Amino acid sequence: MNELLKAFVEFGPDLWKATTDTFLMVGVTMLSAVLLGTPLGVFLFVTSDQGLYPKPLLNRVAAYLVNVLRSFPFIILLVLLIPFSRVLVGTSIGPKAAAVALSFAVIPYFARLVEQNLRDVPRGMVEMARACGATPLQIVLKVLIPEALPALLGSLTVTATGFIAYSAVAGAVGAGGLGDLAIRFGYYRFETSVMIWCVIIMFILVQCTQWLGDWLVRRADRR
Amino acid sequence: MTSDSPMIELQGVSKTYGSAKSPVHALLPTDLTLAQGEVVGLLGFSGAGKSTLLRLINLLEVPSSGRVLIGGRDLTSLPAAELRQARQQVGMIFQQFNLLSSRSALENVSFALEVAGLSSAQRRERSREALSAVGLSDKESAYPAQLSGGQKQRVAIARALAMRPQILLSDEATSALDPHTALSILRLLKQLKRERGMTMVVVTHDIKVASYLCERSVVLEKGAVVDRIDMSRPEPVSRLGRFFFETAKGWTDQTELPQEET
Numbered sequence: 001m002n003e004l005l006k007a008f009v010e011f012g013p014d015l016w017k018a019t020t021d022t023f024l025m026v027g028v029t030m031l032s033a034v035l036l037g038t039p040l041g042v043f044l045f046v047t048s049d050q051g052l053y054p055k056p057l058l059n060r061v062a063a064y065l066v067n068v069l070r071s072f073p074f075i076i077l078l079v080l081l082i083p084f085s086r087v088l089v090g091t092s093i094g095p096k097a098a099a100v101a102l103s104f105a106v107i108p109y110f111a112r113l114v115e116q117n118l119r120d121v122p123r124g125m126v127e128m129a130r131a132c133g134a135t136p137l138q139i140v141l142k143v144l145i146p147e148a149l150p151a152l153l154g155s156l157t158v159t160a161t162g163f164i165a166y167s168a169v170a171g172a173v174g175a176g177g178l179g180d181l182a183i184r185f186g187y188y189r190f191e192t193s194v195m196i197w198c199v200i201i202m203f204i205l206v207q208c209t210q211w212l213g214d215w216l217v218r219r220a221d222r223r
Numbered sequence: 001m002t003s004d005s006p007m008i009e010l011q012g013v014s015k016t017y018g019s020a021k022s023p024v025h026a027l028l029p030t031d032l033t034l035a036q037g038e039v040v041g042l043l044g045f046s047g048a049g050k051s052t053l054l055r056l057i058n059l060l061e062v063p064s065s066g067r068v069l070i071g072g073r074d075l076t077s078l079p080a081a082e083l084r085q086a087r088q089q090v091g092m093i094f095q096q097f098n099l100l101s102s103r104s105a106l107e108n109v110s111f112a113l114e115v116a117g118l119s120s121a122q123r124r125e126r127s128r129e130a131l132s133a134v135g136l137s138d139k140e141s142a143y144p145a146q147l148s149g150g151q152k153q154r155v156a157i158a159r160a161l162a163m164r165p166q167i168l169l170s171d172e173a174t175s176a177l178d179p180h181t182a183l184s185i186l187r188l189l190k191q192l193k194r195e196r197g198m199t200m201v202v203v204t205h206d207i208k209v210a211s212y213l214c215e216r217s218v219v220l221e222k223g224a225v226v227d228r229i230d231m232s233r234p235e236p237v238s239r240l241g242r243f244f245f246e247t248a249k250g251w252t253d254q255t256e257l258p259q260e261e262t
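Residue numbers (our numbering), protein chains in the order written: chain V, 1 to 223; chain R, 1 to 262.
Among these hints, one or two may not hold up.
Capping the alpha-carbon separation at 27 angstroms, the derived lysine-lysine pairs in DSS-like fashion look like this [what the hints assert, rightly or not]: (1) R:249 / R:208; (2) R:21 / V:55; (3) V:142 / R:139.
None of these hints come from the bench; they were simulated from the model. In this text, all values refer to a predicted model and were calculated from it rather than measured experimentally.
In isolation and in its complexed conformation, chain R is listed as follows (with noise of 0.2 angstroms):
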């Protein structure tokens, strides 16, 4: 990896589902860059393309058009046993948390360890560790079930975690929880991007997520990029921008919906 290129970069990627003769456009050819260490949000509402953009950076799923540079590695031109490997260097986190029911927190952390293929002295160290970064070193035996939601989705960040990545996509991870319990997960995120300088593209439909998390957000509508935001200083642009900063001071009569239902 060269120093100066940026950590994310996605030139021009579009997604197109369907046939020739009626195409659907998830993704509209876009542009993304992310330096080492930045947090993004991809904002907007369900069916908006921010999932797609989300599952292209690791290539879950293919550009149909446009390039995709990890840490300025071209992902989209690798054989699939160099892509399989590219990927055990981004971590992901869903709104499911994607636990396995037959595994123990400890295994299920291992997961991401065993595929990638080390020692299992290695993946307990490692899966300890991981499981001991999200203050979950108690229950390394329990199984999901025996969880709570919040729990359930520190255990998938540990697995996240495991393989040590530089980057790591989060899909939703806090819509399934309570307020309380997504900001105790959001704290852990915050504090993995101040203490690993993590790189994170963070896929919310809630403006809170972002303005607490991010320092800058892309807003998506229809497939297409509509507005890119600092939240530090934020001017949004679009009428769906400008709703989610509306909402996010409390829903009123005079609320204006950016468009018809979705």
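Next up, chain V with everything else stripped away, as it sits in the complex (with noise of 0.2 angstroms):
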């Protein structure tokens, strides 16, 4: 206990600063995923067979991106990417260069759970507005979008606490955050205490994140 307690002065700096980059990180990530993520999955949706627009070619052509770039193991991508993140944010280590391949990594993985949740709303929903005599657009943005809306931030939630376990993944290639610290210190030197304030860390992150996802949800959610 003692030895925890010293570490944690002897160490607090770095671990402020792991977890400024661990939120750095997950917050673009999750920037990625609601400002790109969201419009490919209602694409993927609405260019389905089933959709509100069907167009085979361009579904299938977006359906294929999505299923290569989910089939990476991410420190591949990580890797992989590295020239692509130094001309994005003229740097390829870092938390920075790590948020490029992880948005990489989330865009098409939420864009699934976006269009998995936008399945589920009940056709006759669609149909109503159809009758009404709504456009496409307005059927996504007044009635797909909010009746999926609960549904969404459980995707949402569910993504955020992945990825900053995946944040932490991208510790081994030298990105910062919390996963890297614990790999440098913790398991490289034998610094036991600094990997179990950074698992400690990290699983108050994760438990937060679920917190505040399950309180959205239950205020967004009307049935």
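Using the hints, put the two chains back together into the complex; each one sits in its own frame.
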């Protein structure tokens, strides 16, 4: 116990830096999920055979692209995207570069969840909207997304907690963040206390994210 | 709209699904004409094509052949934007009500007006008016989850009325309700017919609904019209038509089934 406290004092600044780095990585990742993954998911749903605006060829191209990206083991994606990160954020190491790779992983993942959430909206709702004379865009914005919102927030929560852990994997290639600290100090230098602190902080992050997500879902769900 | 043209006129409409090699005929070429203020029932079992026929009227289903005329205007030839506008003038209600769970009763009614691009002041006024017409003024801020089945259907009717259409399409609107609630909804529909002279097409598998509400009924079987019945002097000629009237008196061991199980 004493050693844990000592480690906390000694490595406090490192732990703080690692935590903010993790926040940065996960924050950018979730922003990518919402801003880019959501439209991609809507696109996958709307252009599908049963969708509002079937476009079989475009749909298949998008679906292949999503599947290809999702097939990469994350660690490979991380290495593969090094040149791309250099162009996009000016560096190939650190949390910024890891955020690029994490975004590439999260966009197709979240898009698939969005697609599934939209599929679960009862078909009668879409039929009703069409009978009212709604345009496809109105149906997406006024019917599908609001009706799927509780499910979408649930998906976002699952994605966020999952990617907090993913961001730690990025530590393996020197991305910074809690995973990185745990490996460099805790594993390579046998500072077990640091590793324990990293895990504790990660646990608190995951737990808080889950609470926040559950709370948002409860608020949005009128069913 | 010319005054002498019928309110709804279906000319040889049909619907075929599937490939050219193995087509599925949901509806064989059918004619149906409704004068203004007429209420017609579409009777039949599940899969008989009655819902398909109903959904052809506002072109939720695109007919494989034939023409759909509303007030003398051919909907089948309209570009998408104009078709959407035409749909705003045809109210529709459903078995499962299809209320948006994320919206209050008033906001659900307002949906039809939002889609049509009315201002928010107009929307509020018209939604309140429509909710009051179905007797739910006190429920405007309730969410669907807080309403009973009958109340949900009333909100759905208010939504269908919000744009003040002359036509109402009803797809098994009372099938999910208990008999008591179903009758109160049917009374509301009859009142709309009486007071507003609304033209209605009512899909049902319940002869009692057709007898109560409709002047005429069309009986469908396997995508074809097998009977056209004047409900004030019913003389069904088809086996299925007779079955419907027979069972209205109650089921017996002697009741003859019109076909193998469907």
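Practice task
May I ask which of the numbered hints given earlier this structure violates, with the numbers listed in increasing order?
Solution key: Going through the list in order, the structure violates no hint and respects every one.
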